[in-house]
Each structure stands twice: as C-alpha cells, then as structure tokens.
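Enquirer: Next come the chains, spelled out residue by residue.
Protein chains: 2
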Amino acid sequence: MINVAVLGYGTVGSGVVEVLSTNHESIAKRAGQEINVKYVLDLREFPGDPVEKILVHDYNVILNDPEVDIVVEVMGGLHPAYEFTKDALLAGKSVASSNKELVAKYGSELLAIAKEKNVNYLFEASVGGGIPIIRPLNQSLTADEITEITGILNGTTNYILSKMTDEGLDFDAVLKKAQEKGYAERNPEADVEGYDACRKIAILASLAYGKQVDYEDIYTEGITKISAADIEYAKKLGAAIKLFGTCKRENGTVYCMVAPFMIDDSHPLYNVNGVFNGIFVNGNMLGDTMFYGRGAGKLPTASAVVSDVVDAAKHKGTNIMTIWDSEKLTLGSMDNFTCRFFARTAAPKSDIEKVFGEVTYVDADIDGELGFITERLSNKEFEDKSANIELINRIRMTF
Amino acid sequence: MINVAVLGYGTVGSGVVEVLSTNHESIAKRAGQEINVKYVLDLREFPGDPVEKILVHDYNVILNDPEVDIVVEVMGGLHPAYEFTKDALLAGKSVASSNKELVAKYGSELLAIAKEKNVNYLFEASVGGGIPIIRPLNQSLTADEITEITGILNGTTNYILSKMTDEGLDFDAVLKKAQEKGYAERNPEADVEGYDACRKIAILASLAYGKQVDYEDIYTEGITKISAADIEYAKKLGAAIKLFGTCKRENGTVYCMVAPFMIDDSHPLYNVNGVFNGIFVNGNMLGDTMFYGRGAGKLPTASAVVSDVVDAAKHKGTNIMTIWDSEKLTLGSMDNFTCRFFARTAAPKSDIEKVFGEVTYVDADIDGELGFITERLSNKEFEDKSANIELINRIRMTF
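Chains A and B are the protein sequences, given in the same order. Just so we're aligned, residue 9 is where the first sequence starts under our numbering, counting upward by one. Just so we're aligned, residue 9 is where the second sequence starts under our numbering, counting upward by one.
Hints are computed from structural coordinates only; laboratory data are not their basis. Warning: the hint list may mix true and false statements.
Where chains are identical, the list cannot tell them apart; a pair therefore holds if satisfied intra-copy or between any two copies.
[To be verified] Below, computed lysine-lysine pairings styled on DSBU-like, alpha-carbon distance capped at 35 Å:
1) K37 / K256
2) K113 / K46
3) K336 / K37
4) K37 / K322
5) K219 / K324
6) K171 / K336
7) K243 / K123
8) K393 / K37
9) K123 / K37
10) K61 / K189
11) K94 / K125
12) K171 / K244
13) K244 / K185
14) K189 / K125
15) K113 / K184
16) K219 / K362
17) K357 / K388
18) K362 / K46
19) K233 / K184
20) K233 / K125
21) K219 / K185
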C-alpha cells in the first residue's frame, strides 16, 4: 500500500480525494498496489466531511511520517508550497503537483533534488489540466527535436474569445458574463493579461529544450485589447483570434511569447473553442501533432494529479529521467520574431501604403477605419513603421 | 551504449535508421546513453547504402549476439515476425514494434513473456503512427476508467472521404487518384474494408480494458458503399462522414466496431481531415481528450518506434507495467448497440413512415430518392425494420 498526503483541500485537492475514491480499484490495478489517502493538510476545518478524520494542520506530521510515500501539492502559490515540496523531496517522498507557478519558478531545482534523492517530482496537471502533455513530452516525443510548441493554454481567455466570436460582444461584456458564471475570477488579471499562459509555456519550453526558460523573459500580451471589431475582421478572413503561448526554434534560436494570434482554419488549434485547451507540437521527425482536452476543472485536473501519483507509486525508488537543467536558455529577441500583422487605422490608404508599402486590405464594413495585412515583418520593423501612423490595434498572424 | 537491430529495411525500417542518425545526439541525451544500430536484417541486398556494412540475412546472428539489447521489428505480417519477436524476448532483448497485426493477435502473450524476462515489448507505432497514444493510455490515463475510445485510425480512408467531400467525387474515382498518388495501395482492401482500423481499435480496446479483445470479434464495415450522394446529404446536415474505430462502455458492456459514422461539427474528430489521424478518449474523470497527428508515413512512424527504443533503453532490466491479460473480453452484441441512422430510399414517404414511424427528412436535391434520419434504434431494431423497405444505403450517426 502507498500512503499519500494531500496538501490543500480546495477544488483540486478535494478532486484528488474524489478520484482516488471513485476509481479506487482500477487505480490500484494500474499502480500495482492500493493508494491510501493518509492525511489531508489544510488550515481550515471541514466538519462532517469524510476527510475530517485525516485532516491535519501541521505539515510536520506528514513530513515526519515515514509511511507517507507521496505528497500531493495542490495548494498553489509559491510559499509555503516551495518549502513544503523541497522538504518532502529531501525526506525521500515523491511529490505530485498542479502548481504551475511553483513548477515554472523552481522546477529545475526541485527536479534536481528529486533525482538526488531517487524520488520523483511530477507535475502533469500544471499545464493543460486533464490533457496528458508533460509525460508525452518527456516520455513519448523523445525521438524528436521539438521545433515548436504552441498552445491554447488558458480556458478562461479561450472561453472569452469564443463567446466574443459567437455573440459579437466586446471583451468587457463577455468578461462580466464569464465572471457571473464562475468561468473567470473576480480578479481576472492572471488569465486575461496572459500571465497564466506565460507560466505554462515557460514549463513546456523548459522541458522541450531541457534548459531553464524564465517566465519573466517571455514577452506576454493578453487579450484585453481585443475588440468585437477585431473579431469581425477575423471572420472576414475566415480566421479566429486565439491567445497562444508559443515557443518556436528558428535557425537555432528559440522564440517564446504569449500573445493573441489570428489563425486560419488550416491551423490544428482553429477549432479549440470554449473552455477547452489544445497544445500543438511539431517535431522534426513526427511532424505536427496536437493534444486536446479540458484545461481546467476539478476532476480533469485531479485526474492528471492522480496519474502522477500512480506513476510515482510505480517508480518508488527510481527517478524518472526529466531533462530540465538549471542553465538558462537565452531566448531570441522579440525584435527579430517575424510574422504578418493585421492592423486597423483611421488613416487613409495613402498613409498606410507610405508606411507599410503594399498591404492587403480587409473590409469588415466598419465606418471610419481600414483593416489591412502587412507583409512578413520583424516585430522591430513593424514597431518602427508603426511610429509613423496611428493604429487602432494590431494582431500577429500565423498565416 | 545500447545496441539495436532493425528487422526489415523497408519504409519504416529505413526511417528508424534515419531518425536515429539525424537526431543521434538529442536521442542519446533522452535515453541516457548512445543508441547504435548494430544490425539491419533484410533478405535483400542494398549495395551502396550505408547499411550495407551492417546488413545480415540470418536472424540468428542477432539473436545470438548478447550485445544486442533491443530488436526493432518493423517487418509487418504475422510470420516470421511472431517467432522473431518471441525469440528476442526469450533471449532477454526488448522489442519495439510497428506491427499492428502482430500486436493485435499476440500482444498479450508477448507482453507476458516480456514481463517474465524483465524486458519490454513496446508498440507505440502500431496505432496512430506518430501520434503518442499507446504510452499515454498506459502511463497517463491511469486515474481514469475509460468510457470511450473513438479514432480515425486509417489515413488512406480518411484521405478518400476528405477528397470525396471536397470534390464531390465518388469512391471509385477518388480511390483511383489516391492509388496514383501512392496514398492508397494497389490492393486497398485492408484499408477500405476497415481491416486495418479493426486491428488498431482491437489494440486500443485491449489496453483500455486490460483484457484481450479479438479483432475477429469486432463488427467491421468499410467505406466502399459510401457515395457522393451520401456526402451531399451529410453536407446538408452540416456533418461529415468518417470511418471510426470505436469502443464504448455502456452499462458495463463494451461495444466495439469499425464503421463509417456521420458526425456533426461538435465532435472533436470533425476536423481531422486528409491523411491525418485523430483519437478521441473519454475518461470518467478527465472527460474528453483528443490526440491528433500523422497516422502514417516513414518518419512519423519511425519517430514513434524510436521513442519506444528510448523507453526500452531507459528501462533496461525493468519491465514497464502494461495491463493486457490473455483473458478474453466478451463484447456486447452489435444487435444492442443503439444510435440514430441516416438512410436513403426510393420508396415514398408513406412507406418510410409505416416502417420507421416519425423520421426527420433530409433534402439534398437528389432525384428519385429520399434521405431521412430515424430515431435512436438498436442495430437489431433497425435491421428488422429495414427488411420491410428497400434502402439505398444507411449510415450510423453520432448525433
């Protein structure tokens, strides 16, 4: 029997207890032994809840219990999650985590400790919720050099963009609806400004290239400037606007960013709508592949955490190789990242053409402005040119 | 260093040699050691090819060389692939295979031998080509009970159906074009009659439920009866026709089949077009997830084989648990599988309604016939009713 302690009895924590109880038998079969939740750590009390009997408030009870093999860290936040995780690994316990913030920041250090102690630090749930992506990256795509990972990594913003597209509403109106429905937080900054997606692409890029990608280095742009008008233009182009977290290797340089992109229907992520996430991976041998599923939610996320618990149970005493060195990966400057740009301006065609040369106009029947698509430009070139004309908005394009 | 022997220097075999050579360094890093191709077995000669020096014609050279750790079986067919695989495992060598026929037929037996000998029998490439699906099923979706796996598992038929849809052509015309382009074999029976998809869904179902699903037991219907007219009707419904391999658990009974289905645009596989494959999985905790990519082709398939080689190298001396007992899974009778049916007939509405009661008519402007959709019926009910009316064709529906 393997004993587990769950740190944090919030949404994901209670989901983990539920998954382990609902699928107890099949999980025991997959893990080769029974999985028992011995402790739940939370500062709160839960009178009447079945976990009442195994609830503890002092982490030392868990840390000092040699019977606890696996610690499930689903508290979120950097502290004390970092200290708790480190102490667990140093005490010879494996840790399964859904904490993207912690993984992005301290992943390489915690993996190194796990390796040294012959235990495991696993974090399938930190990216893409229920979608298996971390383990496939580490264990399945091992024959390939990864040329690109591009994901719709945040369900809230994808829901907002999908609703704006379906109902022709502006960002603020949809955000308000989403908040009422519980699809967006009251303080939505981490989602709508792209910070959440940024941590997730930092994790994926670190694993793809085996070095530390600091999320602070990643150019990050959210969806707050996307308007109903932008979406009208996209529709005219048969395109959709999606918030991408993306890393791409071009001529040996890795570019990494979070930004809204206009994509056409040939893109594998074109049909990833609503709260769903999708992660596109290109390998130099396998070509294009894509993973799709629920990027958040109690049970999907808990399912991913429990798959890590099963893996940790199966690998008791063995460290699963994960390549993520602490050496920092220097990212290519955004200045040099090239793409076509869609832009809108109230200026006349003559001004547009003086600045950008030949462009393709897009007519969405919106009074007092023009939409157009530039040639392929580096971000620096586009910015330099844009200094000479007033733009209403601009969105990068994949096509 | 890990020494590999490749059995069969055809498309996939030469792809494996190419992948191992092109990505030599990154693969060595992932595997924790260098991977060296020590032998290639083929009956033919390859004068001038780099493998000339390591080419052998006698399998015993490989079998009796204790330096060979991993055998790559990419010969296809049941014999002598079965004997070669069994002998390799018994000799303490791991085997990586792309041979769906062999895996479907002898998977459970070969896995049992591998377990006993503390080596591994791995077959990521046997289903979905480059798409990671076998390892995710075994290692990632371990917290879930699998309620459904439905896949577009054959690129040739998906290409044909996509072309028929895009160009309004009939099956025979598109097949001929596909054969000219090399997308379909001169003898296309295994693809177009669904036999290939049948072996693949048998493998996926066996792994999902942990018991032997015999492909001979799986109801299998190909795409040869699908006409341009059927696709016209589908378009009117905003639907697509796809060849599915599917297994589904309903009230404790597993139904498994290969058949064309009409699906609407809410289905995650709706946009899997051309030679691409897609595999949809529903777990009782994680909900819907989908894997997408190139289901065939030299390098994508070889990439999957090499990922198995890496896994076997990392797990030298340890058997990776795979649950696939030899005990046979009794499948639910097709008679009891229920769905709505789309059907076409030259009979008048009165006859249709006498037989099927209330139906929904679909108008595709085709003279001399009517298209209609039945209520949800079991296959038995539908067949019994159909005995009383002459139908031009009928296609099961998912919506």
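Enquirer: Against each hint, give a clear statement of whether it holds in the structure.
Expert: Results of checking the hints against the structure:
1. K37 / K256: Intra 39 Å, inter 20 Å, cutoff 35 Å: inter-copy only.
2. K113 / K46: within (29 Å within a copy, 42 Å between copies)
3. K336 / K37: Between copies only: 18 Å across, 40 Å inside.
4. K37 / K322: The answer is both: 11 Å in one copy and 23 Å across copies each meet 35 Å.
5. K219 / K324: Classified as both: same-chain Cα gap 26 Å, cross-chain 26 Å, threshold 35 Å.
6. K171 / K336: This pair counts as neither: shortest intra-copy Cα distance 38 Å, inter-copy 47 Å.
7. K243 / K123: Cα proximity of K243 and K123: none, with 50 Å in one copy and 55 Å across.
8. K393 / K37: For K393 and K37, the Cα distance exceeds 35 Å both inside one copy (62 Å) and across copies (44 Å).
9. K123 / K37: Both: 26 Å inside a chain and 16 Å across chains, each within 35 Å.
10. K61 / K189: within (33 Å within a copy, 67 Å between copies)
11. K94 / K125: within (11 Å within a copy, 37 Å between copies)
12. K171 / K244: So K171 and K244 pass the 35 Å test inside a copy (17 Å) and across (26 Å) alike.
13. K244 / K185: both (26 Å within a copy, 34 Å between copies)
14. K189 / K125: Neither: 44 Å inside a copy, 55 Å across copies.
15. K113 / K184: within (31 Å within a copy, 56 Å between copies)
16. K219 / K362: For K219 and K362, the Cα distance exceeds 35 Å both inside one copy (43 Å) and across copies (69 Å).
17. K357 / K388: Intra 22 Å, inter 66 Å, cutoff 35 Å: intra-copy only.
18. K362 / K46: neither (70 Å within a copy, 63 Å between copies)
19. K233 / K184: within (15 Å within a copy, 51 Å between copies)
20. K233 / K125: neither (47 Å within a copy, 61 Å between copies)
21. K219 / K185: neither (40 Å within a copy, 47 Å between copies)
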